[in-house]
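On the provided structure of chain A, position chain B as indicated by the hints.
There are 2 protein chains.
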Amino acid sequence: MSSSPSPPPSKPYHEILGVSEESFDRLEEHLDRRVHDGLAYRHLSNHRSGVERGTVLVAGTVVRGFPKIPRTLTVSTGVPEHFDGPVAVEEKLNGYNVRLARIDGDVLAFTRSGLFCPFTTRIVRRELGAELEALFDEYPQTMVCGEMIGPENPYTAHEYPGVDSIAFCAFGWRDCVSGRPLSVPERRDRYESFGIPQTRHFGTDEPAIVADGLREIVEALDEEEREGVVMQSRDGSRQLKYTTSAANRGDLAYAFSMPFEYGQEFVFRRLVREAFQSVEWGESNSTASERAHRLGEAILCSMIESIEAVAAGETVGNRQTVRAEPETVDALLEHLRDQGLTLVIDEDRTTNGERVVTFCKRSQSTNDRIQNYLDGQIVDV
Amino acid sequence: MSSSPSPPPSKPYHEILGVSEESFDRLEEHLDRRVHDGLAYRHLSNHRSGVERGTVLVAGTVVRGFPKIPRTLTVSTGVPEHFDGPVAVEEKLNGYNVRLARIDGDVLAFTRSGLFCPFTTRIVRRELGAELEALFDEYPQTMVCGEMIGPENPYTAHEYPGVDSIAFCAFGWRDCVSGRPLSVPERRDRYESFGIPQTRHFGTDEPAIVADGLREIVEALDEEEREGVVMQSRDGSRQLKYTTSAANRGDLAYAFSMPFEYGQEFVFRRLVREAFQSVEWGESNSTASERAHRLGEAILCSMIESIEAVAAGETVGNRQTVRAEPETVDALLEHLRDQGLTLVIDEDRTTNGERVVTFCKRSQSTNDRIQNYLDGQIVDV
Numbered sequence: 005m006s007s008s009p010s011p012p013p014s015k016p017y018h019e020i021l022g023v024s025e026e027s028f029d030r031l032e033e034h035l036d037r038r039v040h041d042g043l044a045y046r047h048l049s050n051h052r053s054g055v056e057r058g059t060v061l062v063a064g065t066v067v068r069g070f071p072k073i074p075r076t077l078t079v080s081t082g083v084p085e086h087f088d089g090p091v092a093v094e095e096k097l098n099g100y101n102v103r104l105a106r107i108d109g110d111v112l113a114f115t116r117s118g119l120f121c122p123f124t125t126r127i128v129r130r131e132l133g134a135e136l137e138a139l140f141d142e143y144p145q146t147m148v149c150g151e152m153i154g155p156e157n158p159y160t161a162h163e164y165p166g167v168d169s170i171a172f173c174a175f176g177w178r179d180c181v182s183g184r185p186l187s188v189p190e191r192r193d194r195y196e197s198f199g200i201p202q203t204r205h206f207g208t209d210e211p212a213i214v215a216d217g218l219r220e221i222v223e224a225l226d227e228e229e230r231e232g233v234v235m236q237s238r239d240g241s242r243q244l245k246y247t248t249s250a251a252n253r254g255d256l257a258y259a260f261s262m263p264f265e266y267g268q269e270f271v272f273r274r275l276v277r278e279a280f281q282s283v284e285w286g287e288s289n290s291t292a293s294e295r296a297h298r299l300g301e302a303i304l305c306s307m308i309e310s311i312e313a314v315a316a317g318e319t320v321g322n323r324q325t326v327r328a329e330p331e332t333v334d335a336l337l338e339h340l341r342d343q344g345l346t347l348v349i350d351e352d353r354t355t356n357g358e359r360v361v362t363f364c365k366r367s368q369s370t371n372d373r374i375q376n377y378l379d380g381q382i383v384d385v
Numbered sequence: 005m006s007s008s009p010s011p012p013p014s015k016p017y018h019e020i021l022g023v024s025e026e027s028f029d030r031l032e033e034h035l036d037r038r039v040h041d042g043l044a045y046r047h048l049s050n051h052r053s054g055v056e057r058g059t060v061l062v063a064g065t066v067v068r069g070f071p072k073i074p075r076t077l078t079v080s081t082g083v084p085e086h087f088d089g090p091v092a093v094e095e096k097l098n099g100y101n102v103r104l105a106r107i108d109g110d111v112l113a114f115t116r117s118g119l120f121c122p123f124t125t126r127i128v129r130r131e132l133g134a135e136l137e138a139l140f141d142e143y144p145q146t147m148v149c150g151e152m153i154g155p156e157n158p159y160t161a162h163e164y165p166g167v168d169s170i171a172f173c174a175f176g177w178r179d180c181v182s183g184r185p186l187s188v189p190e191r192r193d194r195y196e197s198f199g200i201p202q203t204r205h206f207g208t209d210e211p212a213i214v215a216d217g218l219r220e221i222v223e224a225l226d227e228e229e230r231e232g233v234v235m236q237s238r239d240g241s242r243q244l245k246y247t248t249s250a251a252n253r254g255d256l257a258y259a260f261s262m263p264f265e266y267g268q269e270f271v272f273r274r275l276v277r278e279a280f281q282s283v284e285w286g287e288s289n290s291t292a293s294e295r296a297h298r299l300g301e302a303i304l305c306s307m308i309e310s311i312e313a314v315a316a317g318e319t320v321g322n323r324q325t326v327r328a329e330p331e332t333v334d335a336l337l338e339h340l341r342d343q344g345l346t347l348v349i350d351e352d353r354t355t356n357g358e359r360v361v362t363f364c365k366r367s368q369s370t371n372d373r374i375q376n377y378l379d380g381q382i383v384d385v
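In order, the protein sequence lines correspond to chains A and B. My numbering runs 4 ahead of the 1-based position in the first sequence. My numbering runs 4 ahead of the 1-based position in the second sequence.
Possibly wrong hints are sitting among the right ones.
Note that identical chains are pooled: a pair holds if it fits in a single copy or bridges any two copies.
[Claimed, not checked] Simulated pairs of lysine to aspartate or glutamate, EDC-like, Cα-Cα distance not exceeding 20 Å:
#  : residue 1 : residue 2
1  : LYS72     : GLU269
2  : LYS72     : ASP384
3  : LYS245    : ASP216
4  : LYS245    : ASP384
5  : LYS245    : GLU228
6  : LYS15     : ASP193
7  : LYS245    : GLU210
8  : LYS15     : GLU294
9  : LYS365    : GLU294
10 : LYS15     : ASP41
11 : LYS245    : GLU284
It should be emphasised that the hints constitute simulated quantities derived from the structure, not laboratory data.
Just chain A, with the same shape it has in the complex:
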């Protein structure tokens, strides 16, 4: 990584971003300024003035934020409503969203909010260094968009067959500065040709046909506890997502394991999704009841577990395991602590030159409030 200060922008940022000077001035107040290991950058951690959340300003250029993907609650009407031409259906993976770009000659990984991630950067360079260099040599202004998946994951751990630890899986190819996507077939061909793993493609068809066939795909994904699908117009400009019940349940269990950290809206939305899916699929009373039972367990059992853990003096939070070269793990832990997280290390060992660490990002509010309520603190409601 270059440790020299970034050169001045080749042209003003507002021109690069395609907004007025005044818009950019307003935007600038909301940019977070960061320096990591000599890399100075600014990023937008919330959507503002028509610029995507996660947009990064670095070394005189821009790494555009990945756009938010809208969702439908009713497939049969939502898909035809949203698309007027062929729709590509690809798998939506459950991990964390990253964007890779080559800045001043170095491949860097940025998380959804535009934070440079030293851990992801090292992992993708180790796993796909040559492939990415070849890609960026040919298409230097590319933003490689994908998901980091697998069980040994510092943010969102989820099992995927064939992924023992952590792996990158591409799902988008965009212009780094404008954010414009490549069409689905071109993108898939290019990733194929560069040997970069990419998300599963279930097919491309007319909206009505996609809507008809989606339930079967989603049910199969659900059985494998997978997350869902992203649908796109062939040119990649319009996107729409739809998720499995397993994903909703997983999210609920996760949220309720830290009940006082997660937004109540986060929870509410997932409950609503379940109800719409059940209605659209015309579930019988007994099937809907089974769905309700699994939902209830996701909510209650994870919350009970956390309360019992606090009662037993344990730390509640997001518990993850990572495995990598010692220096990579060091960089990750430092990075997480730099963000103000309190890490409790549960296990730390070295196997075959790799360091394997299980740590818990302590959820301050959840630990404190559960303890208070166990101590008999009254609640004013």
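Then chain B, alone, in the frame of chain A:
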């Protein structure tokens, strides 16, 4: 009811309320001014500057709001923490909270937020006219606090054995102006002597003994689908509530039948209560799972029902049945419409001189949003 304008206050309202003139000036901005059938009053629909929500300023006097009752999530610690002397345990009923006061010679009923309710006023005069007159003759400055319960209820219908339609049940006796409560034994004696029905008393004991015995009481209430208990210091000054799982489930089912009307916090709190109760009761995995299943059904099945109703072109909302003299029902419907509610009348018949009306308070947001999502409107999350 007196139709003459209210006389000027005997002393300024800030003195009656016991706040400074400046406090009262600030408070005054938040008072809602109402006129009903010649009765002019102001009320505080939200807690402000140390004055209880629901406080009414009428005819130169005050009807104090009923204080919010704090809750514990853990009985074993919460009860001893909250009380330092004997604790009276009484049943908490599931209906709507009303306060009765005699103003200018007339017994009037005010709801929780301080709204005069012409329906409740007529019902209590019809059912308990003589008893209340005797009570107010002897204790004119009393505020009779209680719950309107039963299945034929314009706000909160719930079955109670022995209540065919709607009934008043007292649970508090306070000074109308200061809000100061009578002690529990005095209150119970007085209601007994005036022949006014009152809430069940399970006993009065030291905090540790109450905490130990509460589970048994709550489990018995739960089996009968009853709401819970209110605990009070003997002098009535400190209160604490604790509710059954049945009450939580009932609330959740109700809230999710109108998912876009109810606060997400409302839902969240009830889920948290369930988890703490399960942990405190040391439930086995299978008992906790059963609790989770019932919880899931309360959430999902009521939401599915509402979505299906909207899909079938029906109106979703709070559906209630009332039975009373035609004039009383007219007064209720007018009162509800005056509050901006859209009523859909499902049934309207007369039996034995009584009018029986089933109506639905239409939930605008829920109807609209469910319809939009069924139509495929995307959601931006």
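If you check each hint against the structure, which ones fail?
As far as the earlier hints go, 6, 8, 9, 10 are violated by this structure, in ascending order.
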